[in-house]
Amino acid sequence: MSDVYAVSAAPHIKQNISVSSVMWQVVLALTPALLVGIFFFGIQSFLLTLYGVVAAIVTEALIQRLRKVPVTISDGSAVVTGILVAFNINSAAPWWLPVIGSVFAIAIGKQIFGGLGFNIFNPALLGRAFLVASWPTLMTAGWKSTTPVALFKSSINGLVNLPSNVPAVVTSATPLGVVKALRDTTQISSDMAETVMNNLTSMDTLQNLFWGNIGGVIGEVSAAALLLGAAYLAWKHIIEWRIPISYIATVFILTYIFGGINGLFSASIMLPFFHIFSGGLILGAFFMATDMVTSPVTKKGRIIFGMGCGILTVVIRLAGGYPEGVSYSILLMNITVPLIDRYTIPRIFGEVRK
Amino acid sequence: MGFKTFPGGVHPHDSKEYSKNKPVEILPLPIKVVIPLSQHIGALSKPIVKVGDEVLNGQKIAESSGFVSIPMHASISGKVTGIDKFNHPTGIISMAIEITGDEQDDRIELTDEINYLELPVDEMKNRISEAGICGMGGAGFPTHVKLSPAAEKPIDTIILNGVECEPYLTADYRIMMEQPDDIINGLKIFMKIINAKKGIIGIEANKPDAIKLMKNKLKKESDLEVIGLKLKYPQGAEKQLIYAATNRKVPNKGGLPMDVGVIVQNVGTAIAVYEAVRYKKPLIERVITVSGKIVRNPKNIKARIGTFFSDLLEFCDGTTEDIGKIISGGPMMGFAIPSLETPMTKGCSGLLLFNKKEGHKEDESVCLRCGRCVDVCPMDLVPSLIAHNVKHEDWILVEKFGVMDCMKCGSCSYVCPSHIKLIQWINIGKLKINELQKK
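Keeping their order, the protein sequence lines are chains A and B.
The first sequence begins at 1 in this note's numbering and counts up one residue at a time.
The second sequence begins at 1001 in this note's numbering and counts up one residue at a time.
Just chain A, with the same shape it has in the complex:
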């Protein structure tokens, strides 16, 4: 009788990929944005991120021990959540803010549903929503820049020199905060509003938005750094184009149509770019809406999901109570994922059209 060898089902070769390699590559892709955050907001951004990550890992390990399931903190998924929670916090926040955010994200956002793969909402966004609801002032006020060198001429700061009837709040807020302030206030003449809008959509502002020389939370400031990371993930086939592109395209089209202050189609073509590069849209579209667990698996479903996120984001930004709507729009679309998947099962290759 000759040797008997182990058998298994085909295929017998396998792409070199695993859950942890996916997650650690996402961590790698988020690093440029963190570096830019440290550059503009100081070492405090790094520490806050570290607190968030450690809290996420500890929470995950503790709960998995309690649940008597294998502890999987080395797969990197808790690290990603921790980073994303901290990325949604501004650099002046106290140390416990990212900690509480991460604990909530992992415990309530993820483990309570059964852990990775079973959560309904993006855990990091749920953590952020919890923090915004609990400590709104800490989460939305106190943007500051500690840029050691004035790399770019900031046209947002240039707003300070506007006539005194522009409310002071406008000058200290994020770019999207300025847009909301313009919408909410009646103290500004329409001429003045137009000047501010023109200022916001100037090439100078857009450049600052793109590179990150603006007020904002740690992770969202530099579109360039985020896009660099996103390009890496796309190159590695870890994120797929359908969600981010449909999301951003929807925002582009809708802000162009509805974004102007003088009615439909009154916006300049620069305004959509302003909306894309400001706030958390790039971070949300490439790193949060694309969260595998909480987005549709079908190709058509991903496009519907991205468009839904885009519509909700624009509605919140242009008509809602918050200046920024990326995180709520993604959370709201997360709920629709099972429904979207159910109604977008693809037509099988060769299936006869009915």
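Think of the hints as simulated: they come from the structure by calculation, not from any bench.
Careful, some of the hints might be misleading.
Ranges of calculated distance between the beta carbons of each label pair, as one might list FRET restraints [stated by the list, open to error]: (1) B:K1439 x A:T336: 37 to 43 Å; (2) A:R342 x B:S1222: 48 to 54 Å; (3) A:T336 x B:K1253: 27 to 33 Å; (4) A:K236 x B:P1120: 58 to 64 Å.
Note that beta-carbon positions come from the ideal geometry of N, C-alpha and C, so glycine has one too.
For chain A, the structure is supplied; the task is to place chain B on it using the hints.
Chain B in isolation, oriented as in the chain A frame:
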């Protein structure tokens, strides 16, 4: 030159470097062969010899037991020494005829019909069916059945499959390089039998010299064409090949190539058909690739049907490391088998040896819903959803989501970051649905 392709698919490393430049070598006469009675899709062949009978090389030893069945022939001369259960290269145990050779290799008499293309179509088909030919690409559908399409389904195109998209395998590549005229003659016989207007040879982009050689050969033939196909797995799957070459989609739910006017044959089958029609030669040998990182001397070998894998490996000077896994066929769709004491059949295109580290053994982790399986599925299924419902034994949904349309190419399992054995689950689903449909 623009290469054609299909949507979906994966890009495993083609690993053909081990054997692609090795010309076909002929294996010395084996001492013993075992001819399984099931080497094809359809009914088992019926033995017509008994233990103790003397047989000649090429003598019929089992006859077909219906229309969808084929006869088997002795591949060496000698004595029948057993009709019993033996290992089978698909990993099962099945009935087979054992022949112990007399080292004479006495053959049955062959003919040589120089004007073979003038033979009546029925005679051609008869010779093919008598030669025991089935598809040599792996699935093993009896060739004479494929060549008898329903009258209401006219066939205008014959496609020869020279894609060989499975990594490691180079047998089809070698025969295209070494026997191009026989392949083209086989294609002409197919076209004559079917009365098809067009013949296509599909070859993948990683075999540029085969594409060039065939193109040169077909320069003066206006009805024959070589189509270059993009390097992508499973480019050689029948439906995907037809789509890439003709832009036609074979209907799902059991649709056949003939529904879109096409018949696909493997290039190896074309040679067998040519030899059967011209010389009345039965299918008693084929070219098989023996490869793998640990094979000391990977080769393309022409060997008798029924030769043991152990003989093939010995001819390649064994392995440099301990064997971890034996695979009959390619690494994507082939079968892991428990023993080298297994005979090769008409559908065996490769024998691969992996060491103890190769081949994945990771445990399944939970589905991340990443959708990579959806992105690569060439049949546009949602593999994760089918596997999920198989696990929950919801057979209605399993069927609804198209489990029967899966061709088990393995692309989904290949890309899954959670190492979920999607094909294994899907296969369970297929078996269960088959069982339920029989009731």
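**Request:** Enumerate the violated hints, using their earlier numbering and listing them in ascending order.
**Result:** Every hint satisfied by this model.
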